[in-house]
Amino acid sequence: MDDRSEKYRAFYAQLICAAARTTDPRIEQAFRTVRREPFAGPGPWSIGLGGHPYVVTPDDDPAFLYQNTLLALDPARGLNIGMPGAHAYWLGVCGVRESETAIQIGAGSGYYTAILAHLVGPRGRVHAYEIDERLAGLARDNLKDLAHVDVRQRSGIASGLPAADVIYVCAGAAQPAPQWLDALRPGGRLVFPLAPEGMLGGMLMITRPDQGAIWPAKFLGRAQFIGCAGLQDADAARRLAEAFAGKWDSVQSLRREGAPDETCWFAGEGWWLSTAPAPVPIESVPPHADITQV
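Quick note: the sequence shown uses numbering that gives the first Met the number 0, first residue 0, plus one each step.
Read the hints as simulated data drawn from the structure, not as lab findings.
Backbone N, C-alpha and C define an ideal beta-carbon position, used for all residues, glycine too.
Heads up, some of the hints might be wrong.
Said to hold, decoys possible - Cross-link-like lysine to aspartate or glutamate pairs, in silico, DMTMM-like; alpha carbons within 20 angstroms at most: (1) LYS6 / ASP60; (2) LYS143 / GLU132; (3) LYS143 / ASP131; (4) LYS143 / GLU36; (5) LYS246 / ASP181; (6) LYS246 / GLU261; (7) LYS6 / GLU36; (8) LYS6 / ASP73; (9) LYS246 / ASP260.
To be verified - Restraint-style ranges between C-beta atoms, simulated for each label pair: (10) ASP73 / THR32: 37 to 43 angstroms; (11) PRO43 / GLY186: 27 to 33 angstroms; (12) GLN178 / ARG237: 22 to 28 angstroms; (13) PRO52 / SER249: 31 to 37 angstroms.
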């Protein structure tokens with residue numbers, strides 16, 4: 000069975016990179032290396048494409064795991080291991096490098112934590128946060144052999160986050176948590192779904208500059224996630240739905256001071272997104288329009 004899984008993973012990694020439109024060999028190697036079986040749990044499994052009913056696999060053949068589909072961890076709550084092609088794209092764009100420190104918010108059973116651990120390598124560090132006790136226990140067990148990974152069963156918006164080069168959030172929020180922004184090192188990248196519970200929003204990447212309150216920002220595409228506890232706001236969700244009906248792909252910066260001006264795309268409390276560039280803009284990457292549900 001292990002040999003069959005290895006064969007499946009080789010094809011799956013190529014399929015995922017094709018879906019993500021990435022030619023980064025490190026991304027392909029990460030998806031080729033990390034086995035999905037431990038993180039999925041025993042089969043049969045419920046899989047889906049997002050926005051459609053789950054389909055239950057006829058048995059526990061691992062071939063069913065190595066597709067570009069959602070994989071349910073808790074179908075009743077809509078908790079999934081997200082769409083691999085989407086995550087491959089986002090991880091590729093944010094440029095996770097060897098020896099970096101990464102934080103993952105919403106680790107689930109730990110699959111994308113393991114992918115991050117592969118990308119930062121043994122000289123890097125991954126801090127994974129999962130508020131659900133059962134999922135945190137699964138992630139801790141699944142990742143116990145990775146010495147450079149620690150799993151914390153607590154909220155990822157509490158104080159005391161370690162300094163990080165990458166913060167990768169897998170739960171939808173109506174705003175960026177100040178704790179995330181404060182934990183970023185200069186040059187660090189925050190990738191999170193600006194997408195309150197039940198809403199199709201967008202995956203936003205924010206880069207911390209060396210100095211100043213104007214940070215480069217851009218949407219990587221549309222996205223929908225289960226909500227991040229503590230970062231939901233009904234009024235913000237309503238206003239965000241209206242904002243996403245407009246030119247969401249024109250956002251170029253996050254402003255942490257000053258009054259919103261005519262370039263404002265959306266304003267929150269103490270922050271706003273602008274269509275004007277930051278003083279040192281980041282490289283332009285076209286949003287991946289095919290990616291929505293994760």
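message = Let me make sure I understand: some of the numbered hints might not hold for this structure. Which ones are they, in numerical order?
response = 5, 8, 10, 11
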